[in-house]
Amino acid sequence: MNQIILRIIYTNFWRHPFRSIGLVILTAVASATLLSSALFSESLDAGLEQLSSRMGADLLIVPYGSEAKDQPVLLQGELSHRTLPREILEFTRKTPGIKIATSQFYFSTLGSSCCDKKVNIIGFDSKTDFTIKPWIRKTYKKDFPIGSVIAGSDIQVDESGKIKFFDQEFTVVAHLERMGNKLDQAIFADVGTIEILQKAAKEKGINFISEGEPSAILANLEKGADFEKISQTLHEKFDNIHVIPRKNLFDNVIATAGSFKIIVWVIAVFFLIVSIAAVSIAFSISANERKREFATLRVIGFTQKRLEHIVLGESLLATIIGTVVGAFISVFATLSFRVFIIDSLSVPFLFPSALTIFAIIIAAIFIPTITGTGAAYRIAKQVGRLDVYSALKEET
Amino acid sequence: MILNGNNITKEYTRRGEKFPAVNNADFFAWSGDYTVIFGESGSGKSTLLNALAGISAPTSGCIAIDGQPLYTLNDEDRSKLRNERIGYIPQNAACLPAFTVTENIELAASLYKRRIDKEQIQSLLKKLGIAHLANEYPANLSGGELRRVAIARALVNNPDLIIADEPTSNLDEDNSRKVFSLFGRLAKSGAAVIVATHDRTAFGYSNRTYHMKSGTLIPDIGEYGNL
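Protein chains in written order, with this note's numbering: chain A, 1 to 396; chain B, 397 to 623.
Some clues are possibly wrong.
[Claimed, not checked] One-sided and incomplete, this derived list gives chain B residues near chain A with beta-carbon spacing under 8 Å: (1) A460; (2) E472; (3) K476; (4) N479; (5) Q487; (6) A494; (7) F495; (8) E515.
Just so you know, the hints here were simulated from the structure itself, not pulled from any lab data.
Idealized CB from N, CA, C, for every residue including glycine.
Input sequences plus hints: build the corresponding full structure.
Listed below in structure tokens is the structure:
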């Protein structure tokens with residue numbers, strides 16, 4: 001493309017603002033929906049993967065009814081405060097087929113120094129834990145001294161590195177990597193620290209924790225163990241418990257996430273098709289209106305190829321600007337509404353790696369640009385083959 | 397420069413029937429010739445000029461410039477030749493609406509060469525009486541002014557073949573004389589000028605006249621002929 005053609009493309013773009021802005025808006029919408037959909041979809045996948053890797057247990061025992069509508073409640077960090085019988089951990093450990101079992105304790109409190117919102121507190125036994133610890137180890141590799149806590153990624157801690165519950169200070173030894181769910185707003189602590197917390201609450205006259213009663217038991221099975229048999233044994237011994245196998249843990253989350261993905265992709269494809277059609281129609285109308293202009297360019301020595309380049313260049317310029325603007329808006333909006341998405345959709349939502357985000361942005365710019373320019377290609381060819389004599393005879 | 401056309405025929409199809417808009421026309425023009433083609437509307441003048449200008453290939457026959465058949469050249473070479481050697485002013489030439497008068501002329505001047513002679517453009521605009529419109533956009537110009545912009549654009553590369561189709565159709569008598577006089581000067585300086593017109597003023601400047609009737613080109617030796 002020579003300078004003259006670039007100049008014509010550039011000048012036509014800026015001196016026909018309504019046509020240009022219309023095309024830019026169309027491609028921006030297509031790019032934004034495409035990018036949002038891809039980002040949303042990847043974030044759901046990343047959230048599910050994170051969730052799955054965290055939930056490294058073969059079975060989960062929770063109080064009956066605490067799972068609310070379904071299992072994801074716990075997995076999403078919507079913690080139930082019902083508890084299990086104190087002796088269930090030991091019984092589970094001794095049940096044939098159980099390889100390892102550990103307990104977890106869930107509470108929530110408004111009485112914290114860090115947050116306006118309710119803070120979830122998750123207690124685990126660092127000696128027996130095999131689900132939370134591996135995850136924490138990614139950012140914190142030392143011991144868990146009594147009085148220390150590990151904060152979720154969204155928990156704000158002041159410069160002193162301390163956080164207060166019921167006027168009792170606790171040291172935040174590490175921040176966890178983002179989960180993409182409400183556990184990002186949770187505090188994790190060893191059972192020793194939980195006891196201090198219980199004591200501090202009691203001194204304030206608050207008795208919201210049943211001492212020693214776990215909120216959940218997580219266990220891994222021995223190879224070849226029969227889940228149904230274990231479940232039956234547990235149910236025979238304890239009333240009001242719910243035993244959930246691993247395979248069921250993510251079913252609903254995956255199904256919900258899958259539905260959301262289908263919806264957003266349908267919307268994205270719809271906007272992409274609409275923008276392709278609109279670009280094609282806009283350029284077809286524009287080319288028809290500019291027949292005499294193109295014919296005159298042929299008269300003064302423009303080749304067919306150069307006319308094609310003008311049409312394709314104008315389309316390329318509008319679509320590139322549109323897709324970049326759309327990508328920028330989409331990234332900004334998704335980042336801004338991330339917390340809202342997590343809160344309102346109840347599905348794990350975790351941004352993928354920077355490299356994946358970059359690849360998505362490139363694709364969201366590239367795909368509408370190529371399809372938009374492709375839509376103008378047929379028109380460009382028609383313009384190139386223009387019958388100059390007939391075009392010049394047409395009335396303006 | 398010699399423009400030579402032999403047995404030029406251009407057929408169109410109307411209601412399924414073929415008809416010759418130009419029928420076996422023989423035409424030639426040398427450097428310094430000022431040729432006027434006279435004929436009624438629909439007689440085939442514009443069709444012939446389009447063929448001579450390398451815009452529309454004849455159905456049969458040959459058109460050659462300096463012995464080089466025009467329509468054996470590929471699009472790139474023929475377009476370049478049209479830009480550099482042929483100044484064609486079609487009947488309904490348009491301007492690019494997003495460009496000023498000067499920018500429209502510069503487009504033709506800089507298409508195949510990098511340097512733009514701004515003084516020459518200014519001089520052309522002056523000769524055509526539109527120097528004051530140099531920075532105006534086409535939307536602000538009258539039909540006659542646009543016509544003169546098209547003429548300036550066709551002449552900016554100092555072509556040695558000037559083909560003008562009704563160049564004075566929107567002009568008053570005074571401006572028409574200016575245009576024919578300018579063409580006359582260009583012919584005297586070595587260009588071959590071919591004008592199709594109804595305007596009888598043109599005959600006073602020409603040294604060769606053709607009459608076109610129902611697609612047939614007849615060398616004119618009548619009232620205005622000076623062969």
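Structure-based check of each hint:
1. A460: Not OK, violated: A460/B not within 8 Å of chain A, min 19 Å.
2. E472: holds, 5 Å
3. K476: Result: holds, 6 Å to nearest chain A Cβ.
4. N479: holds, 3 Å
5. Q487: holds, 7 Å
6. A494: Result: holds, 4 Å to nearest chain A Cβ.
7. F495: Since chain A brings a Cβ to about 6 Å from F495/B, closer than 8 Å, the hint holds.
8. E515: Because about 20 Å separates E515/B from the closest Cβ in chain A, which is outside the 8 Å limit, the hint is violated.
In summary, the numbered hints that this structure violates are 1, 8.
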